[in-house]
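Asks: Full structure from sequences and hints, please.
Counting with the numbering used here, you get residues 1 to 249 for the letters of the sequence shown.
In case anyone wonders, no lab produced these hints; they're calculated from the structure.
Keep in mind the model is a prediction, meaning the values are calculated, not measured.
Be careful, since some hints might not be right.
[As the list claims (entries may be wrong)] Distance ranges between label pairs, derived from CB positions:
1. R10 - V33: 15 to 25 angstroms
2. E24 - L104: 44 to 54 angstroms
3. E24 - W146: 46 to 56 angstroms
4. L53 - K106: 30 to 40 angstroms
5. R145 - E243: 23 to 33 angstroms
6. S151 - R20: 51 to 61 angstroms
7. E24 - S196: 42 to 52 angstroms
8. Q43 - I197: 44 to 54 angstroms
9. V199 - S151: 14 to 24 angstroms
10. P61 - S4: 23 to 33 angstroms
A virtual CB, placed ideally from N, CA and C, is assigned to each residue, including glycine.
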Amino acid sequence: MEWSIQEIARRAGTTSRTLRHYGELGLLEPSRVGSNGYRYYDQDALVRLQRILLLRELGLPLPAIAEVLEGQRDTAAALRTHLALLEQERERIGRQIASVRTTLHKTEEGEELMAEEVLDGFDHTQYEREVTERWGREAYEKGDRWWRSLSARQKREFQEQQVAIAQDFAQALKDGKAAGSDEVQAITRRQYEWLSITVTPTRSYFTGLGEMYVADPRFTVNYDRHGEGTAAFVRDAMKVYGERHLTDG
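Replies: Structure follows, in structure tokens:
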């Protein structure tokens, strides 16, 4: 089964021009081009477009999407990842909707508000299961205790440190610096020290985290919003730093 470019554009809520642009970038090639010059897309192309649209909704620029698609050749595995992310987001939004409804109802009725109800769905513990699966329960609990011990000002300063590091990585990339250069490795050391506040990164942890910055769109977008290709640049710099300075012992 296949669809014309007009049909796909209409159903995707986009334009034929956009789909042709995706084709020019190598993101979405048509399955075939008819004798009349019209482009047609089969089921594989339809699935690939779905992945592109999902990544666009996460805020990734097109070059970053191309890199993600290139690195995720197993379509089924990639779709499972997308599905898990969407389900997590649905759960989080569902909790927020219920929280706001409760707040609205109690406000209108003059009832006493409960902090756990008002703030449900807005806390950082949404990543509890993921962190536990990746690095163990102890790692999550240690980080959770540390985060809860901070004041609002300390939390803001901690987050601002990471933004500054990401911006410096992006600027170094724009300046044409190599991932292994002294300047970039100095930034990477700041990245290491920032992570060391909650955990002592081993080589495999540090380099594995760098790989995740590229493989996981949620991380990619946080770096690439400072400049396209920044996430991959950070990954490369972290790999160099890990090989030079860290061990798994």
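Asks: Of the numbered hints stated previously, which ones are contradicted by the structure, given in increasing order?
Replies: none
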